[in-house]
Amino acid sequence: MLEIRNLHANVGGKEILKGIDLSVEAGEVHAIMGPNGSGKTTLAQVLAGRVSYEVTQGKVLYQGKDLLAMKPEDRAREGVFMAFQYPVEIPGVGNAYFLKAALNAIRKHHGQPELDAMEFLNLVNDKMKLLSLDETFMKRGLNEGFSGGEKKRNEVFQMAVLEPKLAILDETDSGLDIDALRIVANGVNSMRSKERAMLVVTHYSRLLQYIIPDYVHVLAGGRIVKSGGKELAQELERTGYAGLGIEEVPMVPAPARH
Amino acid sequence: MAVTVSPTDTYLSDFDRFEKAINGSESPWIRKARRAAIERFQAIGFPTQKQDAWKHTDVRPITKIPFQADASPEGPRLPGDLIEAYTFGVLKCSQLVFINGHFAPKLSYLRWLPEGVRVRSLGEVRQMRPRELEPFLGKIAPFDKHAFTALNTAFFQDGAFVHVPKGAIVEEPIHLLYVSTSPEPPTVSYPRNLVVLEDDTQATIIESYAGLDKGVYLTNAVTEVDVGAGAVLDHYKMQRESEGAFHVSSTAIHQGRGSNVTSNSISLGGGLVRNDIDTWFRDEGSELSLNGLYLLHGQQHCDNHTFIDHAKPNCTSREVFKGILDGKSQGIFYGMILVQKDAQKTNARQTNRNLLLSKEAFADSTPGLEILADDVKCAHGSTVGQLDENAIFYLRTRGIDEDTARAMLTYAFASEIINSVKVASMRIKLDQLVLSRLPSTELLEEGL
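Protein chains in written order, with this note's numbering: chain A, 1 to 258; chain B, 1001 to 1448.
One chain only, chain A, in its complex shape:
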């Protein structure tokens, strides 16, 4: 489903990704682990289509198509979804209104009829329960004044509604207490299916105790330095990145948050 070949990318003129190769098939869950500054978020943002991340070399094929040539909205309509590490707050755009617009844009793309407000609410009801979101949530501004946990739940909720083929979760565990982590992981697990692939990007193995990956890749210095099964995450848990001979580099200036 996703084929990344020798991907190089710059952020602000500095090379962050230095030749990523990765192949993901439908039905698989891949974890991308790595210390701060290893390029995890850059990889996620490049796949989602952020313009300020400049791809200098390499290819990404998604369902056989050139993903990098597609606009972010076209990637989304074709089934790519990224759960943001830092979801953006957009006051004045209601959650329900936003999500309905997104869902209908995707449905339209696939020649499906658009949903009206009632049909939309029926559709999202169960998914709200899954992520323990109450009704007032839909009326609030998009992520406006949300706690960190609420924002992450909202990301997974959006994923549950938009039903992507390829879901990229960027540090979805960061800043979550154990209850919120369980809710989020439960939401993600409910989405696992033979048709859907997932890339779970994380610093810590904690999330991977709840979302059990099929494959684990360790990213360091912009390259995948080790790949293995789920046991690789457990190994990292014991030895830390230092055990693999990887130094934790200081955090690069976070690119374009708010």
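Errors might be hidden in some of the hints.
Stated by the list, open to error - Here are the simulated DMTMM-like cross-link-like pairs (lysine to aspartate or glutamate), alpha carbons at most 20 angstroms apart as the crow flies:
hint	chain 1	residue 1	chain 2	residue 2
1	A	K139	B	E1416
2	A	K71	B	E1402
3	A	K139	B	D1374
4	A	K71	B	D1401
5	A	K71	B	E1389
6	B	K1345	B	D1374
7	A	K129	A	E114
8	A	K71	B	D1388
9	A	K165	A	D66
10	A	K108	B	D1401
11	A	K226	A	E3
12	A	K108	B	E1389
What the hints assert, rightly or not - Far from chain B by the CB rule (all over 10 angstroms, computed), these chain A residues:
hint	residue
13	E15
14	V24
15	P91
16	H109
17	G111
18	Q112
19	M128
20	G141
21	Q158
22	N189
23	S205
24	Q209
25	L244
To be verified - A partial selection of chain B residues facing chain A, derived with a Cβ cut-off under 8 angstroms:
hint	residue
26	L1091
27	C1093
28	T1397
29	E1402
Think of the hints as simulated: they come from the structure by calculation, not from any bench.
We put the beta carbon where it would ideally sit given N, CA and C, even for glycine.
Got chain A sorted already, so can you dock chain B onto it with the hints?
Same frame as chain A, now just chain B:
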């Protein structure tokens, strides 16, 4: 040899003719007020950009055109369906319509009003029962420093007079609609509104200013409002003049003890627009919510000046003005909140935010606070910025195309002001008007 006549002189000689024409029918106190106003105008002349309050607004385009009052006493007769676009659909309201400044009784109607409530042509009251106006007219909107207010006071003929007697609750809005048809040669109208809410009353007043054609004309409007103790006023000004038009307005509000005023000023039209809003807390325990939205494109220029006088203790004011500027438009905000020495426990907050949609658009924001009391809570802030690229990216990653994402965020920026409009049919209309200005709003409209 050509003789150069200064713009000020033109208005002075116009006044001499005007004074002669109306002298027979005018009360002495109004005559006196007109005289004082024109003399003041003669003394101060038109403002120049050397004056701080007019730094960003050059009024010479206005002074160069020899505007004349529309001569026909009743203005052109317009069929009702022409003004329909400027009314609020199914809104149940009383409505006074003025064409080129003249009252149009055939287009106006009053619905049931509580006993004693008067909604009239001010021109009529001025001639028939001028005493009703005397305690207020010319006493709320100061003209000593404002040439256009002075000119309105000198030349006004008509407008609306709304008087709500003690204790009366007017549930349905009162809509005052000023329509200009841009006849040739270019005309000036001087709408003059006086709204008096006695103690413990409630009313909703909507002022609309609209241009039917694309032509050039000048609207110089003054609205004076006296709000009694415990009274509640919901006031709107919706400005949709033609984009070739000039619009200068002064709104002046006196608030009595424990009163509550909301005033929303919406500017969508006009080529060169200047709005002054001045409010005075005349007694304790009152609240004011002052909101503004200016949505400009092309070559439009809109200058908003607000002044809030916290003269008395325990009053609260909330002010939010937002500008959305596209094309080569210019949006100006200047706000001053004066907290006087005795005004302890004042709570005042002022915000101005501007969104630039193009590189050539210009915004200038000058928030201001002058605090002479020591036990107060005051804050002000202003921003000028563009749409948040992170937010656009976020929306796009969910399948929303870029144009729609931009429109959505622009609409969201305006929505705080739109949502503060309590009259539902007006809010819907404003929604449509704002959306119609944004690109790619098909998806947006479906969602609303």
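Hints versus structure:
1. K139/A with E1416/B: holds (15 angstroms)
2. K71/A with E1402/B: Between K71/A and E1402/B the Cα gap is close to 9 angstroms, so the pair holds against 20 angstroms.
3. K139/A with D1374/B: violated (40 angstroms)
4. K71/A with D1401/B: Since the Cα atoms of K71/A and D1401/B sit roughly 9 angstroms apart, the hinted pair holds (cutoff 20 angstroms).
5. K71/A with E1389/B: Holds: K71/A and E1389/B sit about 15 angstroms apart, inside 20 angstroms.
6. K1345/B with D1374/B: The given pair, whose Cα atoms are some 9 angstroms apart, holds under the 20 angstroms limit.
7. K129/A with E114/A: With Cα atoms ~23 angstroms apart, K129/A and E114/A exceed 20 angstroms; violated.
8. K71/A with D1388/B: holds (18 angstroms)
9. K165/A with D66/A: Since the Cα atoms of K165/A and D66/A sit roughly 16 angstroms apart, the hinted pair holds (cutoff 20 angstroms).
10. K108/A with D1401/B: holds (12 angstroms)
11. K226/A with E3/A: holds (17 angstroms)
12. K108/A with E1389/B: Violated, because 25 angstroms separates the two Cα atoms, which is more than 20 angstroms.
13. E15: It holds; E15/A is separated from chain B by about 22 angstroms at its closest Cβ, greater than 10 angstroms.
14. V24: holds (18 angstroms)
15. P91: violated (7 angstroms)
16. H109: Violated, because the least Cβ-Cβ distance between H109/A and chain B comes to about 7 angstroms, which does not exceed 10 angstroms.
17. G111: Non-interface label stands for G111/A: nearest chain B Cβ at 14 angstroms, farther than 10 angstroms.
18. Q112: Check passes; 13 angstroms lies beyond 10 angstroms.
19. M128: The claim stands: M128/A keeps its Cβ more than 10 angstroms from every Cβ of chain B (closest is about 17 angstroms).
20. G141: violated (8 angstroms)
21. Q158: violated (7 angstroms)
22. N189: For N189/A, whose nearest Cβ neighbour in chain B is about 22 angstroms away, the distance exceeds 10 angstroms, so it holds.
23. S205: Label holds. Min Cβ-Cβ 27 angstroms, cutoff 10 angstroms.
24. Q209: holds (28 angstroms)
25. L244: At roughly 32 angstroms from the nearest Cβ of chain B, L244/A sits farther out than 10 angstroms, so the non-interface label holds.
26. L1091: violated (24 angstroms)
27. C1093: Cβ of C1093/B sits 28 angstroms from chain A, so the hint is violated.
28. T1397: Holds, because the Cβ-Cβ distance from T1397/B to chain A comes to roughly 5 angstroms (cut-off 8 angstroms).
29. E1402: holds (7 angstroms)
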